[in-house]
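S.K.: Residue strings, one per chain:
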Amino acid sequence: MSNVSRRNFLRLGACAISGACAVNALPAIGRAAESPDITTLRTTLPYPRIKLAAIGRLKAGVEHLTAYPDPASPVVLLKLGRPAIEGIGPDQDIVAFSRRCSHMGGALVFRAETGTFHCPLHYAMFDAQKDGLMVIGQATDNLPRIELELDATGDIYAVGVKGLLYGRQANVLA
Amino acid sequence: MSAIYHGDDRVPIPPSDAQQFSTVCSYCIVGCGYKVYKWPLGKEGGALPHQNALQVDYTKQQPEQSGTWISPAMHNVITERNGRRFNVVVLPDKDCIVNKGNHSVRGGTHGDVLYASDRPTADRLTHPQLYRGGGQFPTTWDEAIELGARVIKASLDKWGPDTIAMKFFDHGGGGGGFENNWAVGKFFFTGIGTKMASIHNRPAYNSEVFASGDAGIAPLPSAYLDAELADTIMLIGANSYETQSIYFLEHILPNLGGATIDQKQRLIPGETHASGKLIVVDPRRTATVAVAEAHAGKENVLHLQINNGTDIALLNALSRLIYEQRWADQNFITQRTNNFPAFQQVFQSQSLDEAIRLTGISKAQMMTAAEWIAKPKADTARRRTLFLYEKGLIWGLKNYENVASAVDLALLTGNLGKPGTGCGRLGGHQEGYSRPAYPGQRPPVNVDEVAIKGGASKVFWVAGCNPVGGTLNAQSFRVALAQRTALVNQALGSTNGGSLDEKVSAIMNALDKGGLFLIVQDIYPIETAQYAHLVLPAAQWGEMNLTSINGERRLRLYQKFMDAPGIAEPDWKIMARMAHRLESAYRAEGKTEMAARFAGFAWNTDEEVFRAASAGVKGAQEDYGETTYAMLQALGTNGVQTPVQEIRNGVPMGTTRLYTDDKMFTFIPAPWPGFPRQIQTLIDDARYPFWVNNGRANHGWQTLYDDLRKPYVMGREPLPHVEIHPQDAGQLGITNGELVELFNPYGSVTAMAVIVDANAPGHVFMLFEHPKGWLNNLTTDYVDPATTIPYYKGTKAGIRRIGGLPGMNECLSFVPTNRA
Ligand code: SF4
Ligand code: FES
Numbered sequence: 001m002s003n004v005s006r007r008n009f010l011r012l013g014a015c016a017i018s019g020a021c022a023v024n025a026l027p028a029i030g031r032a033a034e035s036p037d038i039t040t041l042r043t044t045l046p047y048p049r050i051k052l053a054a055i056g057r058l059k060a061g062v063e064h065l066t067a068y069p070d071p072a073s074p075v076v077l078l079k080l081g082r083p084a085i086e087g088i089g090p091d092q093d094i095v096a097f098s099r100r101c102s103h104m105g106g107a108l109v110f111r112a113e114t115g116t117f118h119c120p121l122h123y124a125m126f127d128a129q130k131d132g133l134m135v136i137g138q139a140t141d142n143l144p145r146i147e148l149e150l151d152a153t154g155d156i157y158a159v160g161v162k163g164l165l166y167g168r169q170a171n172v173l174a
Numbered sequence: 001m002s003a004i005y006h007g008d009d010r011v012p013i014p015p016s017d018a019q020q021f022s023t024v025c026s027y028c029i030v031g032c033g034y035k036v037y038k039w040p041l042g043k044e045g046g047a048l049p050h051q052n053a054l055q056v057d058y059t060k061q062q063p064e065q066s067g068t069w070i071s072p073a074m075h076n077v078i079t080e081r082n083g084r085r086f087n088v089v090v091l092p093d094k095d096c097i098v099n100k101g102n103h104s105v106r107g108g109t110h111g112d113v114l115y116a117s118d119r120p121t122a123d124r125l126t127h128p129q130l131y132r133g134g135g136q137f138p139t140t141w142d143e144a145i146e147l148g149a150r151v152i153k154a155s156l157d158k159w160g161p162d163t164i165a166m167k168f169f170d171h172g173g174g175g176g177g178f179e180n181n182w183a184v185g186k187f188f189f190t191g192i193g194t195k196m197a198s199i200h201n202r203p204a205y206n207s208e209v210f211a212s213g214d215a216g217i218a219p220l221p222s223a224y225l226d227a228e229l230a231d232t233i234m235l236i237g238a239n240s241y242e243t244q245s246i247y248f249l250e251h252i253l254p255n256l257g258g259a260t261i262d263q264k265q266r267l268i269p270g271e272t273h274a275s276g277k278l279i280v281v282d283p284r285r286t287a288t289v290a291v292a293e294a295h296a297g298k299e300n301v302l303h304l305q306i307n308n309g310t311d312i313a314l315l316n317a318l319s320r321l322i323y324e325q326r327w328a329d330q331n332f333i334t335q336r337t338n339n340f341p342a343f344q345q346v347f348q349s350q351s352l353d354e355a356i357r358l359t360g361i362s363k364a365q366m367m368t369a370a371e372w373i374a375k376p377k378a379d380t381a382r383r384r385t386l387f388l389y390e391k392g393l394i395w396g397l398k399n400y401e402n403v404a405s406a407v408d409l410a411l412l413t414g415n416l417g418k419p420g421t422g423c424g425r426l427g428g429h430q431e432g433y434s435r436p437a438y439p440g441q442r443p444p445v446n447v448d449e450v451a452i453k454g455g456a457s458k459v460f461w462v463a464g465c466n467p468v469g470g471t472l473n474a475q476s477f478r479v480a481l482a483q484r485t486a487l488v489n490q491a492l493g494s495t496n497g498g499s500l501d502e503k504v505s506a507i508m509n510a511l512d513k514g515g516l517f518l519i520v521q522d523i524y525p526i527e528t529a530q531y532a533h534l535v536l537p538a539a540q541w542g543e544m545n546l547t548s549i550n551g552e553r554r555l556r557l558y559q560k561f562m563d564a565p566g567i568a569e570p571d572w573k574i575m576a577r578m579a580h581r582l583e584s585a586y587r588a589e590g591k592t593e594m595a596a597r598f599a600g601f602a603w604n605t606d607e608e609v610f611r612a613a614s615a616g617v618k619g620a621q622e623d624y625g626e627t628t629y630a631m632l633q634a635l636g637t638n639g640v641q642t643p644v645q646e647i648r649n650g651v652p653m654g655t656t657r658l659y660t661d662d663k664m665f666t667f668i669p670a671p672w673p674g675f676p677r678q679i680q681t682l683i684d685d686a687r688y689p690f691w692v693n694n695g696r697a698n699h700g701w702q703t704l705y706d707d708l709r710k711p712y713v714m715g716r717e718p719l720p721h722v723e724i725h726p727q728d729a730g731q732l733g734i735t736n737g738e739l740v741e742l743f744n745p746y747g748s749v750t751a752m753a754v755i756v757d758a759n760a761p762g763h764v765f766m767l768f769e770h771p772k773g774w775l776n777n778l779t780t781d782y783v784d785p786a787t788t789i790p791y792y793k794g795t796k797a798g799i800r801r802i803g804g805l806p807g808m809n810e811c812l813s814f815v816p817t818n819r820a
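The listed protein sequences correspond, in order, to chains A and B. All residue numbers for the first sequence refer to full-length UniProt numbering, where the first residue is 1 and numbers rise by one. All residue numbers for the second sequence refer to full-length UniProt numbering, where the first residue is 1 and numbers rise by one.
Note that these hints are calculated values from the structure, not bench results. Keep in mind that a hint or two might mislead.
Just the calculated beta-carbon pair ranges, DEER-fashion [unchecked claim]:
| # | chain 1 | residue 1 | chain 2 | residue 2 | range |
| --- | --- | --- | --- | --- | --- |
| 1 | B | 40 | A | 71 | 32 to 40 Å |
| 2 | A | 67 | B | 687 | 57 to 65 Å |
| 3 | A | 154 | B | 726 | 37 to 45 Å |
| 4 | A | 149 | B | 687 | 52 to 60 Å |
| 5 | A | 149 | B | 686 | 52 to 60 Å |
| 6 | A | 54 | B | 59 | 30 to 38 Å |
| 7 | A | 49 | B | 629 | 53 to 61 Å |
| 8 | A | 60 | B | 59 | 53 to 61 Å |
| 9 | B | 726 | A | 59 | 28 to 36 Å |
Even glycine gets a Cβ: it sits at the ideal position worked out from N, Cα and C.
The shape of chain A in the complex, shown without the other chains (with noise of 0.2 Å):
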């Protein structure tokens, strides 16, 4: 898949479970909720595919660690047990986050009760099946989510990243 077709499908791919996100179920407010693309500026940054593990590997609701797209930008990639938006996978419940709050940069941990990450600077909380949507917290963005495409063989390769990481100008470093 090329940079640009993936930027596209990013887009286009949210809420891929329900088909319509909330926002668009209402009419919109002024002619402010009519703008399609609230983003300023899109890039096609060089994203390594990398390979994070088999998925015969993943156990529900245990993570794993790793990184991407270089060791200094740690992520969790984790079978949830229940289907997430953008998940992938026999049962769509395969997602990988970044483990940098969105906010400030905390190192997050995981429950997988709930399925959220929680910061211990601010208290952030981010929603592991909707997205990495924020559910309360002081971030101005949803938790980075890592692209993920699945192989013939099962095995789990990352391909780009979906919000910009904590303390980069770029994903991608120069």
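Following the hints, position chain B with the ligands against chain A.
M.R.: Same frame as chain A, but now just chain B with the ligands:
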């Protein structure tokens, strides 16, 4: 399809030569410092430290809490009036002692709401609009002001000053600032002389803390430092994690976690110190309670989950317990207070059993609270307790007694003027009040009832607020507004193509028959503006220089860094335009006395208004004396805490905390008053079984005026949410994300259900202001007769399930927000 995130994976870096400005968050009372970087589009700083304005090495991962990370929400591309385009980054300032680089979701998304024609802010008001041809259409400032001035003058001349009603912002930050507030006050009080004035979030012109003022305590007596030094902090009716977020995170929480013990020992030697304890009085288990428990341990947090409206009984009972334990500060009472016997009589007549029954708080919990507030420390030193209250108390059952009972408890325990103590508001907006005196009396007239619904006023000028949903009993307010403004619409419709004279005489005719001429001045086409005949476009934060103070009276300069859209103007300039027109009209008629009332608006700069406004703050907590913009600019985001004592070598010298002298205070006895008729009627009616509490949520600010243009915020709050207890939801057959209707005799509103056990069964909590569901349709018309402040926080309603909407459940998260 839009989604609930920004999604960008890269932001531009400011180059070394980017312009830099200093400002403060436009939103909440905390007043976090921000730095603004601005540079031409098409240019970017390099990744190496010497190549960018932040002097950061962006080739490397930054450590946590670096204070130099730019999130996509902090960046935007703007277009100036001359057509030139710029990148703008609005970054929390790590050198500001208020926030130390921290920010909330509200302030951290300022970049999203800078005016940009290709972003959701594209609907900013850019030109004045006049109702004609059946709708609002653009016009020039000249025509808009001419028409407005003629209608105002004709009404004033014919019917007197009280025919002109107003509902205006009066705060700081994005909610006014000293400059705009002064011009507004000078226009309406010196110029018009109207008593039909009201403040943006209430039906009258009042202080929300008259009782504190009567006791001799300014609303913001302490410093944020005091929250780091206190032995106990008592939050009354405040959910600070969500509404004073960075004060809570950077100043309160560190104390609870023991991180300020060294500082306590250094600044307050000779007494024992430990981690601070927190008492939270709130009918709801909030995120504040959860975060505090997670950070400090449950044993250091006491949540008093009181029944709605019973604060007075609780606070008087605590005073009684403390007095009976001999933990009152007898020296303070003797030397610094008046009227103790009257207060003693009130708290001693508060039966403890009745307080327990009313509040739902056990005697044991009350005793723990009493100990944490006032039981002397091991070394016999008095505990230092900081009392902080906000809307839960202020907008509770009876504003005057509510606030008085908190103030009395602070006086009883001697908690004023010393490090680690205080009794004041947390605050909602920042403050920036400076106006000539309001010509009305206390209690002030209820403008909603008398001027608008009652018809006493014929012109209504609304600015910086959205009363069709923000005022109490909003449904009936909207009906009156619609009926009365429609008469003027019809009159204007009959003058198609007519001259201004013909329009004015048609309008006057309609006003004579009960019509209302509505002027709305705002930055957005808000819901109230839909009824307006004249819509005036205002500049916002960042588009003019302004000054304000935060919750510890920290005065700063908020620099202008971009143009207002179209021909929008700062509010003070709009007031000045109208004043000039009225002045010249009166002068032309030889009415020099009237002309003189509208004179003195000939300011050329924001700073000239700031200097003029210093006259309105003399002797008050915000007195900034001879301070100038240049002095404030030199002090950056740390500014100076008012009152300014003197200017020494060009530097204003401020005041950390008030009442370190021997000032006297007065106890204000405040007996439990019982429920007012309107509420009692609802209590007695089985059709309305649910108590409806309400308030703000972390991610939204005020009426959501900016947030509606932040897809990231609206994505998670597409409809106002209402928290319902699982037990109640089960009985009503309601599941997460479903639409429900809440109703009572005052109105009805729809909301999105969130099932959570934050409230007791039979109690629900709804978001206070959301244009897709105004909670205020349910609030009664009751106001405290002593202050004309509504009981916004308490009404009762029935609830019925409507059903599900596609997408709600799937895309939103229903993990409870009050777990940490
Ligand atoms: S805590 Fe208040 S002042 Fe600070 S960033 Fe948030 S909204 Fe702005
Ligand atoms: S860094 Fe995670 S909440 Fe602040």
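S.K.: Which of the numbered hints above does this structure break?
M.R.: 8
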